[in-house]
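**Q** So the sequences go chain by chain: A and B.
Read left to right, the first sequence gives residues 290 to 671 (this note's numbering).
Read left to right, the second sequence gives residues 1373 to 1668 (this note's numbering).
Simulated from the structure, these hints should not be mistaken for laboratory data.
Glycine residues also receive a C-beta, built at the ideal position from the N, C-alpha and C atoms.
Taking lysine-lysine and the BS3-like style, the derived pairs with C-alpha atoms no more than 30 Å apart in a straight line are:
no. : chain 1 : residue 1 : chain 2 : residue 2
1   : A       : LYS529    : B       : LYS1451
2   : A       : LYS464    : A       : LYS496
3   : B       : LYS1598   : A       : LYS401
4   : B       : LYS1451   : A       : LYS496
5   : B       : LYS1598   : A       : LYS400
6   : A       : LYS400    : B       : LYS1603
Derived list of chain A stretches under chain B, where covered just means 3 residues or more per stretch with a C-beta under 8 Å from a C-beta of chain B:
no. : stretch
7   : 396 to 405
8   : 426 to 437
9   : 467 to 481
10  : 498 to 510
11  : 591 to 604
12  : 629 to 640
Listed here are the chains, written in short residue letters.
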Amino acid sequence: MDLYEYQGKQFFASYDIPVSPGEAVTTVDDAVAAADRIGYPVVVKAQVQVGGRGKAGGIKLADDAASCREHAQNILGMDIKGHTVEILWIELASDIAEEYYASFTLDRAAKKHLGMLSAQGGVEIEAVAETDPDAIAKIHIDPVDGLTPEACREWVLAAKLNPDVTDGAVDILLKLYRAYVEGDADLVEINPLIVKPDGAVHALDAKVTLDTNALFRHPDYEQYDATQVRDEREEAAHEKGLQYVGLDGSVGIIANGAGLAMSTVDVVSQVGGSPANFLDIGGGANADVMAGALEVINNDEKVRSIFINIFGGITRGEEVANGIVQALSRVEISSPIVIRLDGTNADEGRAILAEHASDKLLSEPTMLEAARRAVALAAEGA
Amino acid sequence: MAIFVDENTKVVYQGLTGSQGRFYGLRNRDYGTQVVAGTNPKKAGEEVDGIPIFASVGDAVEATGADVSCIFIPAPGVKAAVMEAAEGGVKMIVVITEGVPAQDEALFYNDLKRNFPDVQLLGPNCPGIISPGKCNIGITAGEIAMGGGPVGIVSRSGTLTYQALHELTQKGIGQTTCVGIGGDPVPGTTFIDCLERFEADPDTKAVMMIGEIGGSAEEEAADFIKSSMTKPVSAYIAGVTAPPGKKMGHAGAIVSGGKGTASAKMDALRAAGAQVGQNPTEAGELMAGIVKDLGL
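Assemble the whole structure, with the sequences as input and the hints as a guide.
**A** Here is the structure:
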């Protein structure tokens, strides 16, 4: 789950990482009122979960109420790489002496945490990584040991920051690592990490991705979940606890497990069809989950046929079949359904489906045959 | 032969008294797996359909000689359960549970590596391991597998593990062992761990490998195939048509910045000499060709 900058800063502040005072607002009047409370100059910053805001004109300095109003008016509603700006973060402007980059994430190949620190901040770090990889100091951290103050100091020295700020950098990096681990983040990134003229080290931006698997440890993360941007279909699926990705085609796809769902998208594409979505009902999905998935797909106007591809492991065939039958009695499904069912209790499931077979409910023995059938039906229904 | 587990393997189930653990534990036993114990600190002394329940994995190992633990408990308890299993003295830990926080996975993976280097961790979020006709640990439906070799299977995706078994069994091609390594960010067992063992296993003559977009595990496997494998490999990478930047289900399955794409992974595998299919059925057909060419 990606956080907005203002949420990332709240998250940072809860781990004592210094951030600028500011307020999140959604209207021009509130922006000006917030700026009056904070005191000028302020920075008006678009809140979108995509990089390159500055270049797109989504970050502006305001010295007084008139310019704050003007910038807020311009930025609210702006489109930045397909994201509409609905929230502004009004923040006290900072004087900047130096700009650095710092982040922690998991290095999957090394199976350890990876810290990256660079004296070249405020720019796209991917570009630095390509043009001048030596400008990024990396540290691998064994989660058993954590980041020790000694290792952190060596890392900071290797990054060749201004030597005067070594202590300040070590302090903020240790706090950032703690936030990353204790906060169950997949990524924490500060770009730029600034040094003020007085030598204080400070997070001027915040990029945070939280691990949704750890929500049981962090009930307060509900507040972040509530502001996630999802389209209608994604929201409906999310409410039902389903993994959903919207695509542009006409064949609705329901499968169990991310791998099989991806593979189903592949096969539908390869036999000449176009998937309308990717919907994973997950492991152990019961009848209610299947019924819910069908409802989500049925509400998608682009869908002309539905391909349900189930290979039962922890998901049981008779549960899937019952779910489909229940869904058909609950909702008027507008598109024909093609089912391919194998695995745990598949025979029981197939028997249930056979009892309810019709021109709206078809079974095919293999993934390829079912894909071809679903694609042909989508073409007929188009 | 089989890799990791065979007919002599004795399994303790952490979570046998829960509904999922009971269903799959008993099903694994029906398959022929030696399910010798379950654990539950509150139900020690009881039994589940004749299988004794112990307070801890250590107690179960002492009483029954169990050498593998299979974890079927909810995600919040997995970190403690893995460490309990390692301290209890099993040689392999299979974690079926999905939704384990990445910080926990990274922690217990490294803790095991340092303090219990001989313990083989499989998963989390994996379907388990099956040596057909000998031992089935986890949630794979035993009836889709066929024993007798000659093909070993290793897969990062749960459901595609079954699909791979199904493709081969339908063609009358038996398997030595099928390992589902799981799609989480820090899998305990990697493609390379399995490829190494399949290469060393005299009964395994070829390997089918199922990967997916995201990360670099398939590229690393390709390097290993090129440098160290003499046995032929067929492969499929799920997510050939996945749109960049969208997270396709798992934490792992995302293509970002042009890295981790299916086509890059397929290219790496092809360059390493593997035969790569565009879908699981094609990968199965390629394997049928390999088996035929080997004269098996």
